[in-house]
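Participant: Read off the chains here:
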Amino acid sequence: MSLNIITNDSEKCEIALDGLYDVYDPEVGLNVVDLGLIYQIDFDEAEKKLDATMTLTTQFCPMGESITSNVTESLASAYPDWQINVNLTFEPPWDYSKISPEGKAFLGR
Amino acid sequence: MLTPMMGGGLQQTTNYRVVLPFYIFASISFLVAASLLLLHTDIIQSHYFNPHTLAITHVMALGWGTMIIFGASHQLLPVLVEGKLDSNLLAYLTFIFTAIGIPVLAIGFYLFHTGALLQTGAVLINIGVICYLANVFGSAFKSHTKSVHAWFMITASLWLFSTTFFGLLLVFNFTQFILPDNSVAYLSIHAHLGIIGWFLLMVIGVGSRLIPMFLISKYNNPKALWWIFGLINASLISFLIFKIADAPVASYYFSVLLALAAIALFGRHCYKAYKVRIRKNVDEQMKTSLLSVLQMLLPILALVTTLALLPADSHPNIALLYGFCIFFGWITAIIMGMTFKTLPFIVWNKVYHKKAHGGKTPVPKDLFSEKVYHAMLLVYLFGFIVFISGIITLNDIILKTGAAALLAAAILYVFNTGKTLLHQPKKL
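Keeping their order, the protein sequence lines are chains S and D. Quick note: the first sequence uses the working numbering, first residue 3, plus one each step. Quick note: the second sequence uses the working numbering, first residue 244, plus one each step.
Wrong hints could be hidden among the right ones.
Computed cross-link-like contacts, DSS-like style, restricted to lysine-lysine with a CA-CA straight-line distance of at most 30 Å [claimed, not checked]:
1) D:530 - S:100
2) D:530 - D:461
3) D:466 - S:100
Some residues of chain S that are not near chain D, with every Cβ distance over 10 Å (derived) [stated by the list, open to error]:
4) 12
5) 17
6) 48
7) 49
8) 51
9) 83
10) 102
11) 104
Think of the hints as simulated: they come from the structure by calculation, not from any bench. The beta carbon of each residue, even a glycine, is placed where N, CA and C say it ideally should be.
Construct all of the structure, not just a fragment, from the sequences and the given hints.
Facilitator: Right under this line is the structure:
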């Protein structure tokens, strides 16, 4: 995939991303995948555990709680019987380079 | 390498119930002040110390400017102090005391009832401000980090309390002579504690974080912000010293210069944030907010003119121009822009908090009418410019035309605020 998302299972990751394309950063109006907020999605088949690591455009984003909870719900919809863990990180911090070409086009860049 | 933080660093949002009453109160205040301005355009022909001018000024400064800042700052305090709001109860108490105190004070000025009515209003407002101050201090000092933005907020809140407490003394001084001189002699101190200490410091402190955030710009320059912080405080403190020492009028230019330097640095901060923004298209609300930065220069221009003309006392209406440019100019423009950036977010968060997946939900800007916002902005700018022309020419027809346009802008503002507040969730 053209996105820089680290994963240990590309097929499962595609399914997870299908749902995440519908989770939007309400201020930017762009989905969290094209915005480059999703850093990593790992799957533990044996334990039925999904670990996602994501960021926000700014550490002080007032919509952070809403965005992360919607990411969690989206992943839970894609993998209903799995344990979902969404970790938030600001290392490395989000920047413009993380936006996909589609996202850049949307932002007029 | 990725460093996960399990839930850490996530911004804790303030409950919308705490915030929305302030927005409602402020929008009604704007409508009331604009109506009073239309009814009493004759105040421009008289000295600024008259009942109607005092009533309109306090409705604008407290009911409009301060209440919207209270609302927004309760929401944004966690963002600025990098922690959480200390107490919802204190926020409710702030609203209750100020929402009762402000109309009582305004009516007291309007009727010029210098006794119990004014005193009751002033006492209630001070109790509300103390609750706010306690909440800001509690939130800021319980937070582990104190950014420059937090210091802007803490200091601005202290200046606010100085303003309202000094106002309380002035109100009691009308009947009990507790100050060496009559209250009129202290009006400029009271006004500038509020304008520079509260409004300028707070608007720049909050704006310097929000403008880059809403532009989706990574620009940050804490060193420049510390300079701005120092310059604004130095401007106010030097003015207070000159005033108390009864220094020559020319010395006030020094304080003006410091404030001007702070505004110029803030303008530079906004410009740099704008230049490196990620989103190319800038929405109208952000354009209005950026316009308000330019509007900061108008009061300075009026002030310099006032200082130059006041010794001759030949143009007393220029002093009113100064106040008008501040309250109906800069403060109103920044509020108009920021209301429709922050309020839709607050309501969106309330309505769509857990619904923003599995289908595209409306974005915050869909919660109000952009056409009405655009019309409001045009009518407002027309009214603002025409009213200024009326102040300069002392022509009542021009003043009435400008005031009518400002009232129309206030009606459109209230309409869009109501539309946002009453937004119902769309079926997903």
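Participant: Taking the shortest Cβ-to-Cβ distance between residue 49 of chain S and chain D, state whether it exceeds 10 Å.
Facilitator: Label holds. Min Cβ-Cβ 17 Å, cutoff 10 Å.
Participant: Are residue 466 of chain D and residue 100 of chain S close enough, with their CA atoms no more than 30 Å apart?
Facilitator: Holds - the C-alpha atoms of residue 100 of chain S and residue 466 of chain D are around 28 Å apart, at most 30 Å.
Participant: With 10 Å as the threshold, tell me whether residue 102 of chain S passes as away from chain D on beta-carbon distances.
Facilitator: Since the minimum Cβ distance to chain D is about 13 Å, residue 102 of chain S lies beyond 10 Å and the statement holds.
Participant: Taking the closest pair, is the beta carbon of residue 48 of chain S still more than 10 Å from chain D?
Facilitator: 21 Å, holds
Participant: Quick one: work out the minimum CB distance from residue 17 of chain S to chain D and report holds if it exceeds 10 Å, violated otherwise.
Facilitator: 14 Å, holds
Participant: Verify the proposed pairing of residue 530 of chain D with residue 100 of chain S, using a straight-line Cα cut of 30 Å.
Facilitator: 27 Å, holds
Participant: Beyond 10 Å on every Cβ pair: is that true for residue 51 of chain S relative to chain D?
Facilitator: With a cut-off of 10 Å, residue 51 of chain S remains clear of chain D, as the shortest Cβ separation is near 14 Å.
Participant: Taking C-beta pairs only, is residue 83 of chain S more than 10 Å away from all of chain D?
Facilitator: 18 Å, holds
Participant: For residue 530 of chain D and residue 461 of chain D, compute the direct alpha-carbon distance and say whether it is at most 30 Å.
Facilitator: 18 Å, holds
Participant: Beyond 10 Å from every Cβ of chain D: is that where the Cβ of residue 104 of chain S lies?
Facilitator: 15 Å, holds
Participant: Beyond 10 Å from every chain D Cβ: check whether that's true for residue 12 of chain S.
Facilitator: 18 Å, holds
Every hint, counting from the list given before, is met by this structure.
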